[in-house]
Amino acid sequence: SQQGEEDPQALSIQEGENATMNCSYKTSINNLQWYRQNSGRGLVHLILIRSNEREKHSGRLRVTLDTSKKSSSLLITASRAADTASYFCATDHSGGYQKVTFGIGTKLQVIP
Amino acid sequence: DAGVIQSPRHEVTEMGQEVTLRCKPISGHNSLFWYRQTMMRGLELLIYFNNNVPIDDSGMPEDRFSAKMPNASFSTLKIQPSEPRDSAVYFCASRPGTGDEQYFGPGTRLTVT
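Order-wise, the sequence lines are chains P and B.
Counted the way the working numbering counts, the first sequence spans residues 1 to 112.
Counted the way the working numbering counts, the second sequence spans residues 1001 to 1113.
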């Protein structure tokens, strides 16, 4: 089964609103990464947060990590139509070799 | 850098034929991943190479699938014989080092009829 699970699976909002996506995982991690995938394209890395960090910002993106709850959230502020895409979290596992596992993604639609 | 390069971008083949997908990772990256993406299963890791050595191939669906990385700048994923259920988008990704983000190629859309 997938390590990371995104929630919700689909989200539709109006342009200008904030979008929040969540990711839960099961085992200890070294870091957690968020990626975006536009339709028909490969995944693009957005932001990486390490296990000893709690919050990270990059432009309109804000990521939080709660290792006690094994969860992360991605907030996109002031959304734009161009933010319409699928968003995936990936967990870089601790121990052994660092296997990276992707969730099933959240499909975000931003309505102009 | 041109990024991760995959070829072909689209492949249509008949059931039973051999299919070879190719990937050129970003120069200097020491890890390479092959993924398969379908609507039903999402993004699945097939195999992971580190310094050209296969580290984890537990995601390879069956013996019909094989992957090689003869050198640091080239990898292939082969399906022989192909079946309609292999139809998917296959992505290759490379990573500079452990703990870093992955850089994805544009993918190969495979259709097996």
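Quick caveat, the hints were computed from the structure, so don't treat them as lab data.
C-beta atoms are modelled at their ideal positions from N, C-alpha and C, and glycine is treated no differently.
It is possible that some hints are incorrect.
Away from chain B, derived, C-beta distances all over 10 Å, residues of chain P [claimed, not checked]:
(1) Ala10
(2) Glu17
(3) Ala19
(4) Glu55
(5) His57
(6) Arg60
(7) Lys70
(8) Thr77
(9) Ala78
(10) Thr84
(11) Ala90
(12) Asp92
(13) Gly105
(14) Val110
(15) Pro112
Simulated restraints on C-beta separations [stated by the list, open to error]:
(16) B:Pro1070 with P:Glu53: 18 to 26 Å
(17) B:Pro1054 with P:Ala78: 40 to 48 Å
(18) B:Asn1051 with P:Glu15: 21 to 29 Å
(19) P:Ser68 with B:Gly1016: 51 to 59 Å
(20) B:Arg1009 with P:Glu53: 35 to 43 Å
(21) B:Ile1055 with P:Arg41: 21 to 29 Å
Structure-based check of all given hints:
1. Ala10: Label holds. Min Cβ-Cβ 13 Å, cutoff 10 Å.
2. Glu17: 26 Å, holds
3. Ala19: Consistent with the label, Ala19 (chain P) stays out of reach of chain B, its closest Cβ about 20 Å off (over 10 Å).
4. Glu55: 18 Å, holds
5. His57: 17 Å, holds
6. Arg60: 19 Å, holds
7. Lys70: Given a closest Cβ separation of 19 Å, the condition holds.
8. Thr77: At roughly 22 Å from the nearest Cβ of chain B, Thr77 (chain P) sits farther out than 10 Å, so the non-interface label holds.
9. Ala78: Check passes; 24 Å lies beyond 10 Å.
10. Thr84: 18 Å, holds
11. Ala90: 8 Å, violated
12. Asp92: For Asp92 (chain P), whose nearest Cβ neighbour in chain B is about 6 Å away, the distance does not exceed 10 Å, so it is violated.
13. Gly105: 6 Å, violated
14. Val110: Non-interface label on Val110 (chain P) holds, nearest chain B Cβ at 22 Å vs cutoff 10 Å.
15. Pro112: Pro112 (chain P) is indeed farther than 10 Å from all Cβ atoms of chain B, at 26 Å.
16. B:Pro1070 with P:Glu53: 18 to 26 Å: Check failed, 38 Å falls outside 18 to 26 Å.
17. B:Pro1054 with P:Ala78: 40 to 48 Å: 44 Å, holds
18. B:Asn1051 with P:Glu15: 21 to 29 Å: 45 Å, violated
19. P:Ser68 with B:Gly1016: 51 to 59 Å: With Cβ atoms ~52 Å apart, the hint holds.
20. B:Arg1009 with P:Glu53: 35 to 43 Å: 37 Å, holds
21. B:Ile1055 with P:Arg41: 21 to 29 Å: 27 Å, holds
The structure does not agree with the numbered hints 11, 12, 13, 16, 18 stated previously, though it agrees with the rest.
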